[in-house]
Amino acid sequence: MSTEASAPARLAAEPPLVGVLALQGDFEAHERMLGAIGVRTRQVRVPADLDGLDALVLPGGESTVMSLGVAREGLAEPLRALAAAGLPMFGTCAGMIMLDREHLGILDVVAERNAFGRQLHSFEASFELDGVPGGPVHAIFIRAPWIREHGPAVSVLASVDGHPVAVRQGLVLALSFHPELTGEDRLHRFFLSLAGLLPEPAKED
Amino acid sequence: MSTNGHIARDESTFTTKAGLAEMLKGGVIMDVVTPEQARIAEAAGAAAVMALERVPADIRRDGGVARMSDPEMIKGIQEAVSIPVMAKARIGHFAEAQVLEALEVDYIDESEVLTPADTANHIDKWAFKAPFVCGATNLGEALRRIGEGAAMIRSKGEAGTGDIVNAVTHLRKIRSEIRWLTVLGPEELASAAKELQAPLPLVRQVAADGNLPVVLFCAGGIATPADASLVMQLGAEGVFVGSGIFKSSNPEQRARAIVEATTHYADPERVAAASTGLGAAMESIETSKLGAEQLLSPRGW
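In order, the protein sequences belong to chains F and G. All residue numbers for the first sequence refer to our numbering, where the first residue is 169 and numbers rise by one. All residue numbers for the second sequence refer to our numbering, where the first residue is 45 and numbers rise by one.
Careful: at least some of the hints might be erroneous.
Beta-carbon label-pair distances, calculated as ranges [said to hold, decoys possible]:
| hint | chain 1 | residue 1 | chain 2 | residue 2 | range |
| --- | --- | --- | --- | --- | --- |
| 1 | F | 303 | G | 146 | 35 to 41 Å |
| 2 | F | 319 | G | 109 | 30 to 36 Å |
| 3 | F | 219 | G | 335 | 54 to 60 Å |
| 4 | F | 181 | G | 296 | 48 to 54 Å |
| 5 | F | 203 | G | 116 | 28 to 34 Å |
| 6 | G | 50 | F | 319 | 54 to 60 Å |
Just a sample of chain G residues kept apart from chain F, beta carbon distances all over 12 Å, derived [unchecked claim]:
| hint | residue |
| --- | --- |
| 7 | 120 |
| 8 | 151 |
| 9 | 174 |
| 10 | 232 |
Covered, in the sense of this in silico footprint (three residues per stretch, anywhere, with C-beta under 8 Å from a C-beta of chain F), are these stretches of chain G [as the list claims (entries may be wrong)]:
| hint | segment |
| --- | --- |
| 11 | 64-78 |
| 12 | 89-102 |
| 13 | 121-134 |
By construction, these hints were calculated from the structure, which means they are not laboratory data. Glycine included, every Cβ here is placed at the ideal spot set by N, Cα and C.
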């Protein structure tokens, strides 16, 4: 189990607001999953969309398209500033690549693109993830990256064949795979819990 | 640390096939005929490229039998870019599809733009590890293709014309037939399946979800940023641009503009900005002036 502290639990009247980077990719799948858990979501395409967010998700998609979009929209500096100010961030697949040293530089890792190979080598697998209760998670890897190297502040939560595929650094979580496509919300809950944003279960009358 | 031993992998499942299409959503897939064009497309923000020997406008002009591309050209494009590379096989030509799978292309387009190889049967796409995208002009056609194993659907439009009218017709038809299914009673779905000539389990699924079970892109006639915005507003989840980019006067700028308009499709000011100063669009053909034998979209059964 990781010993890193989670953010303090939030006492708020309305549900937290989680931004989902919506330049390209499967951002709607993340929104559906977050919405079902009970947080509000907002699609982020321009810097003004970042105002007032409690967390940000960087979805799956094509990282080249997202990089160009981030540059075109002037999103890189605002995103780095928000990360430095402690905004929790969650990247999946292309989102993990966007967070690495060679892209936004928010996570002290280097992601290797398409590391598992072309589409014919995309796969599903099940494995335990440190800190996520309830047994193995089912993971969908699509032309997926892995972490080639990482700094000391990064904890590896899961690996496949010796390659890290789930990492955490403070309030930033990154996965090589796509929990947003499985219909199972444990990893989104795990992230919201790290961020101190997990809504309380509805009270029974 | 979790277990680092060897983990069992289940490769090329329908979930990973349909999942790649999920990753392409909100993106633009561009036709390219050389590695150089592929690099331009990638640098302009293409989510994937379609490798082919001739763009549809040239296939239309040249006539003759249009076939799968030379593997050498496909390999050159695979080496040139890191984004997914798609390639086309003729309708029903499963041996061409086997070749494309052997080349490890990321998606196979069983395409009406090439000359069909079988007048009755499409490829049995379940037999492949590579995912397939297929064209459709209506919901029944889309569900027949999904029933055969397609993991992504594109509305057909009329390729190589630069005329958006058929893309709009096909997309509207698919969306409106989906809406129609959602209001039918369970006892009416069998008759609807018969009418659509589509598998009943898929008809039931669409009726329950109000959506196709796979991603729906739009293709065939997109030439401008506003065309991309139009079809996205009509319910496309991304766009294919064939001749529209590299047959225009300034491909690089037009490619960027169509990418931008696809992301910001709901923001007219951004689409206006993207549309400004692009130079000439591709040389276009009004679809209604084409004879029935010149239309590509009726190919497929």
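**Asked** Has the hinted range 35 to 41 Å been met by the Cβ atoms of residue 303 of chain F and residue 146 of chain G?
**Response** 38 Å, holds
**Request:** Determine whether the non-interface label on residue 174 of chain G survives the test: each CB of chain F must be over 12 Å from its CB.
**Result:** 6 Å, violated
**Prompt:** At the C-beta level, are residue 219 of chain F and residue 335 of chain G separated by a distance inside 54 to 60 Å?
**Reply:** Given a distance of about 56 Å, which is inside 54 to 60 Å, the answer is holds.
**Prompt:** Does the claim that residue 151 of chain G lies off the interface hold, with its Cβ farther than 12 Å from every Cβ of chain F?
**Reply:** 7 Å, violated
**Asked** If you look at each residue in the segment 121-134 of chain G, do at least three have a Cβ nearer than 8 Å to any Cβ of chain F?
**Response** holds (count 3)
**Item:** Verdict for residue 319 of chain F, residue 109 of chain G (Cβ pair) under range 30 to 36 Å
**Value:** Once the Cβ atoms are compared, 57 Å apart, the range 30 to 36 Å for residue 109 of chain G and residue 319 of chain F is violated.
**Request:** Would you check whether the claim that residue 232 of chain G is not at the interface survives, using Cβ distances to chain F and the 12 Å cut-off?
**Result:** 28 Å, holds
**Asked** Taking C-beta pairs only, is residue 120 of chain G more than 12 Å away from all of chain F?
**Response** 15 Å, holds
**Prompt:** Are there at least three residues in the segment 64-78 of chain G whose beta carbon sits under 8 Å from a beta carbon of chain F?
**Reply:** Since three or more residues must qualify, the claim that chain F covers the segment 64-78 of chain G holds, with 7 doing so at under 8 Å.
**Asked** For the pair residue 203 of chain F and residue 116 of chain G, does the Cβ-Cβ distance stay inside 28 to 34 Å?
**Response** 48 Å, violated
**Prompt:** In this structure, is the beta-carbon distance linking residue 50 of chain G and residue 319 of chain F contained in 54 to 60 Å?
**Reply:** 27 Å, violated
**Prompt:** Per the coverage rule (Cβ-Cβ under 8 Å, at least three residues), is the segment 89-102 of chain G covered by chain F?
**Reply:** holds (count 4)
Violated hints for the displayed structure, listed by number in ascending order: 2, 5, 6, 8, 9.
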